[in-house]
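Visitor: Below are the chains, spelled out letter by letter.
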Amino acid sequence: MKRHLLSASDLTLEDAVLILDTAEELAKLVDGPVKKLPTLRGRTVVNLFYEDSTRTRISFEAAAKRLSADVINFTAKGSSVSKGESLKDTALTLQAMGADAVIVRHSASGAAHQLAASGWIAGSVINAGDGTHEHPSQALLDAYTMRRHLRDGKGDLAGVRVTIVGDVLHSRVARSNVLLLATLGADVTLVAPPTLIPYGVEQWPCQISYDLDKVLPRTDALMMLRVQGERMNNAFFPSTREYSRGYGLDDKRVAALSSKAIVMHPGPMNRGLEISAGAADGLRSVIVEQVANGVSVRMAILYLLLGGASIEEVSS
Amino acid sequence: MSGYLLRGVSLLGEAQVDVLIDGGIISEVSKKPLAPTGVHTIDCDGLVALPGLVDLHTHLREPGREDSETVESGSAAAALGGFVAVHAMANTNPVADTAGVVEQVYRLGREAGWCDVRPVGAVTVGLHGTQLAELAAMAHSAARVRIFSDDGKCVADPILMRRALEYVKAFDGVIAQHAQEPRLTEDAQMNEGFVSSQLGLRGWPAVAEESIISRDVLLAEHVGSRLHVCHLSTAGSVEIVRWAKSRGVMVTAEVTPHHLLLTDELARSYDPRYKVNPPLRRDEDVMALRQGLADGTIDAVATDHAPHPVEDKECEWSSAAFGMIGLQSALSVVQTAMIETGLMTWSEVSDRMSTRPARIGSLRDHGRPIAVGEPAHVVLLDPRGKSPFTLENNASLSTNSPFIGMELYGRVEATFLRGRATVLDGKLAG
Amino acid sequence: MDAALREVLDSGDINRALSRIAHEILEKNKGVTDLVLLGIPTRGAHLAERLAKAIESIEGVSIPVGTIDVTLHRDDLRSRPARALLPTVIPVSGIDGKRVVLVDDVLFSGRTIRAALDAMGELGRPAQVQLAVLVDRGHRDLPIRADYVGKNLPTSLKEHVRVSITEIDGNDSVSISGTPGGSE
Ligand SMILES: [Zn+2]
Numbered sequence: 001m002k003r004h005l006l007s008a009s010d011l012t013l014e015d016a017v018l019i020l021d022t023a024e025e026l027a028k029l030v031d032g033p034v035k036k037l038p039t040l041r042g043r044t045v046v047n048l049f050y051e052d053s054t055r056t057r058i059s060f061e062a063a064a065k066r067l068s069a070d071v072i073n074f075t076a077k078g079s080s081v082s083k084g085e086s087l088k089d090t091a092l093t094l095q096a097m098g099a100d101a102v103i104v105r106h107s108a109s110g111a112a113h114q115l116a117a118s119g120w121i122a123g124s125v126i127n128a129g130d131g132t133h134e135h136p137s138q139a140l141l142d143a144y145t146m147r148r149h150l151r152d153g154k155g156d157l158a159g160v161r162v163t164i165v166g167d168v169l170h171s172r173v174a175r176s177n178v179l180l181l182a183t184l185g186a187d188v189t190l191v192a193p194p195t196l197i198p199y200g201v202e203q204w205p206c207q208i209s210y211d212l213d214k215v216l217p218r219t220d221a222l223m224m225l226r227v228q229g230e231r232m233n234n235a236f237f238p239s240t241r242e243y244s245r246g247y248g249l250d251d252k253r254v255a256a257l258s259s260k261a262i263v264m265h266p267g268p269m270n271r272g273l274e275i276s277a278g279a280a281d282g283l284r285s286v287i288v289e290q291v292a293n294g295v296s297v298r299m300a301i302l303y304l305l306l307g308g309a310s311i312e313e314v315s316s
Numbered sequence: 001m002s003g004y005l006l007r008g009v010s011l012l013g014e015a016q017v018d019v020l021i022d023g024g025i026i027s028e029v030s031k032k033p034l035a036p037t038g039v040h041t042i043d044c045d046g047l048v049a050l051p052g053l054v055d056l057h058t059h060l061r062e063p064g065r066e067d068s069e070t071v072e073s074g075s076a077a078a079a080l081g082g083f084v085a086v087h088a089m090a091n092t093n094p095v096a097d098t099a100g101v102v103e104q105v106y107r108l109g110r111e112a113g114w115c116d117v118r119p120v121g122a123v124t125v126g127l128h129g130t131q132l133a134e135l136a137a138m139a140h141s142a143a144r145v146r147i148f149s150d151d152g153k154c155v156a157d158p159i160l161m162r163r164a165l166e167y168v169k170a171f172d173g174v175i176a177q178h179a180q181e182p183r184l185t186e187d188a189q190m191n192e193g194f195v196s197s198q199l200g201l202r203g204w205p206a207v208a209e210e211s212i213i214s215r216d217v218l219l220a221e222h223v224g225s226r227l228h229v230c231h232l233s234t235a236g237s238v239e240i241v242r243w244a245k246s247r248g249v250m251v252t253a254e255v256t257p258h259h260l261l262l263t264d265e266l267a268r269s270y271d272p273r274y275k276v277n278p279p280l281r282r283d284e285d286v287m288a289l290r291q292g293l294a295d296g297t298i299d300a301v302a303t304d305h306a307p308h309p310v311e312d313k314e315c316e317w318s319s320a321a322f323g324m325i326g327l328q329s330a331l332s333v334v335q336t337a338m339i340e341t342g343l344m345t346w347s348e349v350s351d352r353m354s355t356r357p358a359r360i361g362s363l364r365d366h367g368r369p370i371a372v373g374e375p376a377h378v379v380l381l382d383p384r385g386k387s388p389f390t391l392e393n394n395a396s397l398s399t400n401s402p403f404i405g406m407e408l409y410g411r412v413e414a415t416f417l418r419g420r421a422t423v424l425d426g427k428l429a430g
Numbered sequence: 001m002d003a004a005l006r007e008v009l010d011s012g013d014i015n016r017a018l019s020r021i022a023h024e025i026l027e028k029n030k031g032v033t034d035l036v037l038l039g040i041p042t043r044g045a046h047l048a049e050r051l052a053k054a055i056e057s058i059e060g061v062s063i064p065v066g067t068i069d070v071t072l073h074r075d076d077l078r079s080r081p082a083r084a085l086l087p088t089v090i091p092v093s094g095i096d097g098k099r100v101v102l103v104d105d106v107l108f109s110g111r112t113i114r115a116a117l118d119a120m121g122e123l124g125r126p127a128q129v130q131l132a133v134l135v136d137r138g139h140r141d142l143p144i145r146a147d148y149v150g151k152n153l154p155t156s157l158k159e160h161v162r163v164s165i166t167e168i169d170g171n172d173s174v175s176i177s178g179t180p181g182g183s184e
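Chains as they are written, first to last, in UniProt numbering: chain A, 1 to 316; chain B, 1 to 430; chain C, 1 to 184.
In short, the hints are calculated from the structure, not lab data.
Honestly, I wouldn't trust all of these hints.
No farther apart than 20 Å at their CA atoms in a straight line, the calculated lysine to aspartate or glutamate pairs in the EDC-like style are these [stated by the list, open to error]: (1) K88(A) x E311(B); (2) K88(A) x D312(B); (3) K35(A) x E122(C); (4) K36(A) x E122(C); (5) K30(C) x E56(C); (6) K35(A) x D70(A); (7) K65(A) x D96(C); (8) K169(B) x E221(B); (9) K36(A) x D75(C); (10) K88(A) x D271(B); (11) K32(B) x D43(B); (12) K65(A) x D75(C); (13) K35(A) x D96(C); (14) K158(C) x E7(C); (15) K36(A) x D76(C); (16) K28(A) x E122(C); (17) K36(A) x D96(C); (18) K65(A) x E122(C); (19) K28(A) x D118(C); (20) K36(A) x D118(C); (21) K35(A) x E49(C); (22) K88(A) x D43(B); (23) K28(A) x D96(C).
Anything over 10 Å on all C-beta distances counts as not near chain A; from chain B, calculated [as the list claims (entries may be wrong)]: (24) E192; (25) S319; (26) M406; (27) R418.
Beta carbons are placed, not taken as given, at the ideal position from N, Cα and C, and that holds for glycine.
All chains should be modelled from the sequences, with the hints used to inform the complete structure.
Guide: Structure, rendered in structure tokens:
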């Protein structure tokens with residue numbers, strides 16, 4: 001594994017399966033009587049959040065604490081845009097605190113990349129969502145959830161048919177999922193109105209469709225993306241009603257899924273827009289489970305990046 | 001001793017001659033060795049002499065952002081890059097939209113003395129794109145402005161663009177358009193394509209440039225005016241200019257050195273030094289630009305030298321400023337992209353970096369051949385091997401160049417402005 | 001010196017040693033009541049399975065067998081890159097109040113057993129913990145000793161003990177490689 005986790009493309013098939021396998025073992029432990037493992041005692045993990053995301057922050061925090069790491073939450077209010085403290089100054093502060101890992105969430109695409117490449121900090125950088133770029137830990141927990149339901153929690157996802165629906169253009173979750181799922185051998189189809197599919201998508205390792213109903217029966221895992229109603233103002237679609245009609249998941253569409261298919265959503269949901277209450281809470285939905293799986297997967301990431309020797313320790 | 005004897009210099013990379021510079025002019029060019037007395041002799045074995053370079057597109061930042069560049073520092077960097085004249089863009093603070101500001105910049109250039117600084121006047125008041133600036137007043141001022149541009153911003157309003165094109169005919173001016181359809185590029189960060197789709201950076205589509213160029217060449221044809229297109233960056237733009245020229249439209253175009261060499265793949269580093277406007281494009285575009293420059297569709301290489309303070313580049317990509325400095329690396333980059341690839345000769349380089357830019361800017365004193373009686377604007381370069389471009393030899397007040405720290409082809413040994421050495425031995429000759 | 005492998009136990013030796021340990025476990029614990037075997041992956045886990053079979057063939061009763069991975073409790077995690085985790089499988093009857101026999105292939109520094117005791121502490125509170133190993137090669141760093149030993153093997157620190165078992169390696173054997181004694 002590389003030292004940082006910035007993009008799902010940083011992971012080879014072996015890396016990805018190792019993370020998922022490790023998460024399985026950790027889940028068995030923490031789902032049982034074990035509340036805390038000593039593995040990261042003495043390591044310092046910093047949650048550097050430039051963007052509010054309580055769920056992701058809490059998930060990483062729980063993961064780090066269950067491995068006995070010291071956790072520092074650093075909620076940076078500004079960014080260079082709002083004339084707050086610069087990324088560089090913050091990084092230098094964290095370096096002075098001796099951070100072994102920095103989990104960074106930022107509204108700017110590439111912020112995690114820049115932190116890792118800058119030489120400002122010595123520890124591992126974990127991308128917890130950067131702008132409209134990537135969110136690799138979310139993709140890993142999604143893959144983990146799919147593997148549990150569709151592949152008995154083992155191996156890769158070869159042949160699993162995944163359909164990702166919604167605002168792909170602005171979605172870091174979609175970008176990371178497409179890359180990771182391709183690595184794991186899944187067949188991915190993106191479904192959205194053409195305005196919400198990025199220009200240049202032809203070279204992505206996936207299929208594109210504008211017709212959700214056609215794809216539904218050929219789907220093993222259906223992932224609904226959050227769609228912001230405001231997108232309508234930039235003419236991405238004419239109205240939320242028309243969007244829901246074409247691309248929303250309602251009870252009728254759930255019924256069109258095959259009997260083993262699962263319904264996923266990275267949250268937070270816009271009930272009634274991209275997903276109906278019935279679909280979100282129905283039998284096919286694994287949305288709540290995704291949240292729980294997030295902790296095990298993030299424990300696995302932290303363990304594999306921090307549990308062993310750092311590069312400096314190996315070379316010394 | 002005031003004169004210089006350039007002994008055994010390769011004229012435009014061809015025949016070896018002796019050139020005598022004296023009294024501000026080229027006083028002798030001879031295939032036989034000259035033996036004048038009372039002049040400095042420079043042994044030019046292996047060196048190439050070109051007419052002094054003319055830049056159509058330089059941001060000198062003064063007045064307003066003297067922390068990132070001044071007329072003095074920028075024109076010194078120009079001299080070190082082999083330039084004898086630069087056109088200072090109007091997007092200063094205050095904007096160069098009055099005779100007062102352009103005369104100030106012109107005067108600062110003369111005081112510095114490193115090269116001729118020709119101010120560009122803004123097309124619209126404050127670059128706001130709503131009302132024409134007093135173009136005639138700037139043209140008739142001491143600065144004798146001939147190029148007008150809102151560079152940094154596009155003159156997007158078609159009626160305003162039409163009027164500007166028409167209006168400058170009265171004093172043989174030219175409108176230099178920064179072709180960027182504003183609505184198609186709101187918050188745009190890089191070339192729109194596969195790389196932007198992966199990086200999650202908002203795309204700057206080729207069509208935003210090409211649609212404005214298409215409109216402008218048709219407007220120029222309609223009103224019979226001269227149009228100059230700044231920094232072409234796409235294969236489509238080259239096609240449109242080629243088509244317009246074939247119809248007889250009075251259009252000229254420039255390309256930056258970095259668009260001849262670098263591609264959007266470099267944005268994968270999220271290193272804001274690669275963030276420029278227009279953005280770095282695809283490999284196919286780079287090849288088309290080189291072809292267009294080689295066949296003359298593109299008239300000039302212009303640096304778009306754009307200094308920025310460190311804090312505007314040492315930040316998130318989306319917050320970073322657009323642009324890179326380029327005066328000192330321009331000739332090296334052109335050598336890499338055009339000479340080392342066999343696409344152009346030194347004679348063609350001198351046409352695109354001296355003769356034609358001088359003509360576009362109506363600089364009668366520049367872009368002249370190295371011939372007896374001509375003003376002595378000469379650059380001597382050593383095209384052999386590579387030499388480092390470092391923070392130490394960078395004369396700009398800014399450092400935003402991806403070429404700093406690299407070994408680059410060629411080295412400017414000397415620059416002569418009206419017979420006076422501004423650079424000798426690769427260093428400023430104070 | 002020759003660093004070739006020297007076989008010290010063959011498959012017959014290993015079978016006899018395991019059979020003897022099975023008898024000793026039954027004798028010491030006076031039967032199979034509350035007995036649980038926990039193997040330390042990877043080879044210890046298979047040895048635990050074999051011991052359970054041996055006990056079953058003697059007593060006619062099957063006893064709970066599980067595995068316990070010590071990776072997350074090791075004290076040498078930082079000496080090399082993070083290792084993959086191995087399975088921990090606790091029998092459904094649990095370990096609280098049980099007599100747990102930990103099973104491993106080689107007892108050396110004692111640090112693995114220390115980690116196993118820590119890992120077990122997270123999972124429950126056995127009435128008693130015992131230790132069975134196929135080979136004890138000495139050189140303990142910690143005050144730990146085995147209750148059941150297949151073979152005591154005096155070794156030098158420069159030697160390596162290699163245990164092969166059929167389930168993983170295709171054959172059963174214990175060999176030593178490297179230099180005996182101090183001289184080289
Ligand atoms: Zn421009």
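Visitor: Measure nothing beyond the straight line between the CA atoms of K65(A) and E122(C); if it is 20 Å or shorter, mark the hint as holding.
Guide: holds (16 Å)
Visitor: Assess, step by step, whether the Cα of K36(A) is no farther than 20 Å from the Cα of D96(C), and give holds or violated.
Guide: Given pair K36(A), D96(C) holds - Cα atoms ~19 Å apart, limit 20 Å.
Visitor: Does the claim that M406(B) lies off the interface hold, with its Cβ farther than 10 Å from every Cβ of chain A?
Guide: It holds; M406(B) is separated from chain A by about 18 Å at its closest Cβ, greater than 10 Å.
Visitor: K88(A) and D271(B): Cα distance at most 20 Å?
Guide: holds (13 Å)
Visitor: Has the given pair, K88(A) with E311(B), been kept, meaning a C-alpha gap of at most 20 Å?
Guide: At roughly 10 Å apart (the allowed maximum being 20 Å), E311(B) and K88(A) satisfy the hint.
Visitor: When you check the alpha-carbon spacing of K35(A) and D70(A), does it fall within 20 Å?
Guide: holds (16 Å)
Visitor: Quick one, are K35(A) and E122(C) close enough, alpha carbons at most 20 Å?
Guide: holds (8 Å)
Visitor: Within 20 Å, alpha carbon to alpha carbon, are K28(A) and D96(C)?
Guide: holds (18 Å)
Visitor: Within a Cα-Cα threshold of 20 Å, do K88(A) and D312(B) meet the stated pairing?
Guide: holds (12 Å)
Visitor: For K65(A) and D96(C), compute the direct alpha-carbon distance and say whether it is at most 20 Å.
Guide: violated (26 Å)
Visitor: Below or equal to 20 Å on CA atoms is what counts here, so check K36(A) against E122(C).
Guide: holds (8 Å)
Visitor: Given the hinted pair K28(A) and D118(C), is their Cα-Cα distance within 20 Å?
Guide: holds (17 Å)
Hint check: violations occur at hints 7, 21, 22, 24, 25; the rest are consistent with the structure.
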